[in-house]
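*Asks:* Read off the chains here:
2 protein chains.
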Amino acid sequence: MTAAVLASFADWRAAQQAAVEQALSRFVPADAPAGLGEAMRYAVLDGGKRLRPLLVLATSAAVQGHAEAAMRAACAVELIHAYSLVHDDMPCMDNDVLRRGKPTVHVKFGEAQALLAGDALQALAFELLVPGEGSLPDAMSARLCRLLALAAGADGMAGGQAVDLASVGIALDQPSLEAMHRRKTGALLQASVTMGAATGTVGAPALAALTDYGARLGLAFQVVDDILDVTADSATLGKTAGKDAAADKPTFVSLLGLAGAQAYADAALAQAHEALRRSGLAETGTLHALADWVGQRNS
Amino acid sequence: MTAAVLASFADWRAAQQAAVEQALSRFVPADAPAGLGEAMRYAVLDGGKRLRPLLVLATSAAVQGHAEAAMRAACAVELIHAYSLVHDDMPCMDNDVLRRGKPTVHVKFGEAQALLAGDALQALAFELLVPGEGSLPDAMSARLCRLLALAAGADGMAGGQAVDLASVGIALDQPSLEAMHRRKTGALLQASVTMGAATGTVGAPALAALTDYGARLGLAFQVVDDILDVTADSATLGKTAGKDAAADKPTFVSLLGLAGAQAYADAALAQAHEALRRSGLAETGTLHALADWVGQRNS
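For the record, the sequence lines run as chains S and D. Under UniProt numbering, read the first sequence as residues 1 to 299, first letter to last. Under UniProt numbering, read the second sequence as residues 1 to 299, first letter to last.
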């Protein structure tokens, strides 16, 4: 990309990240009882790159989608992502104490409150998609709820987590590793794209191409994650580095080596760009830039 | 009620419980990966009185509602209820080992799998409400999702759990205890009624009366629960008896005494019956019978 395009993407990203932060702050209730609201806000606000919301917003823009639906969908996927991190960090799962450079939710608020905050964030995600005052068309709300539920559930993120847990110490082959990540992180990243598309009108071939873009980008994201787990330090990551190897979890690096994993990520991103070109949509510059961003991230 | 009415309610209840069991068995996936499906099905199938599904189905029948929507909503509320029990039983919450006469999910499958099974059940609840093949009107799906999300979230069940956790060892007054239970158990019981109503067409006064019925019945249910925690044994309950007192939790019995709590439950049920009469709906016999059933249950 040229310097001008890069600068304009950085500007777009900063503006959208701020808008998402503001919307999340409005949506996540400070007044939920008995400290629950505080734990929910701690889990969600002021952290993260907001990749999933940015994917929703960029895809919605590419299909001239409904602006309020796009922001609600952006926040909904981020709430699902945030709740999964809260539960994933708990002692019975990854038992992690550091997330986004801060103590994890259960360290700060206790395990019971972390469990409940995660549960409440998942419910809130669906609530956001059905505002109840008619500001979104019902068909759009219904479609968004379905896409999110499928991505979050047993055939998506939660199922991927279960496979992840069961695969500690097991040498997965590449198809099995891909299948796990397609669920664990891929499903929600892909849903970010398909939900963005669902805020507008798009033909079947373009939707198929966007869906493929989401899948390729999701896989690339995970491979880069595996690479960073080895190459970056905890301070840069804002979470504990090296924990996959410590937990004896299969990763793309353990399977392909560092150089092989990097080549795999590059190939997946090239396929993501190719899928975008195949979509025939005119306004895909931001989606291209997001794919580059996924490849270049260092935390 | 006459013997004939009682017999016909018992028949209806048995038939609907069987239908709900069958639908849940169809909806909760056996093939979710890495044992997750097994844990989900263990948490949901072959247990419980199915009070919430029965409320959905009876209310839907009273408003001549959409039959498939009613069964999907009935299963969705039961999945939310089931997931809340799984998470509630975990060591970081109530740390209970017995539920419906069987080992709790985390005892049987481990804490991580229990956490994920609960999470996946919540997602599945919303998925059921949006079948995706056009069998439910979008407006109905959207309304059902909204009612369920509100009942499950920070202002409903999850919020009530947070208050419950925070109130151990604290002498709540009656309004505070009512407010906690209105969220913790009342919200989902009330949503069972309002979701049943949302599967059909009902005027605002009738809906208000049904909503009131749900609220009164929800409160009565909790008071009876508190009474049974003191008077029944674990074998009859299928869960650990006496645990509220052991945990020094405020209950209607600790607040009002046994006789006072029984009088309170009777009064709440009388108000539930009165609300039904006020609804002006013709076919409320089953809803009346369900209120009686809540008052008479011994487990």
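Rather than coming from a laboratory, the hints here were simulated on the basis of the structure. Treat the hints with care, as some may be off.
When chains are identical, the list treats them as one kind, so a pair holds in a single copy or across two.
Unchecked claim - Taking lysine-lysine pairs in the DSS-like style, the calculated list, with each CA pair at most 30 angstroms apart, reads: (1) K49 to K249; (2) K243 to K108; (3) K249 to K108.
*Asks:* Run every hint past the structure and note whether it holds.
*Replies:* Going through the hints against the structure:
In this homomeric assembly, K49 and K249 come within 30 angstroms of each other (Cα to Cα) only inside a single copy, at 25 angstroms, whereas the closest approach across copies is 42 angstroms. Taking CA atoms no more than 30 angstroms apart as the test, K243 paired with K108 passes in both settings, with 21 angstroms inside one copy and 27 angstroms between copies. For the identical chains of this complex, K249 and K108 are neighbours both inside a copy (27 angstroms) and across copies (24 angstroms), given an alpha-carbon limit of 30 angstroms.
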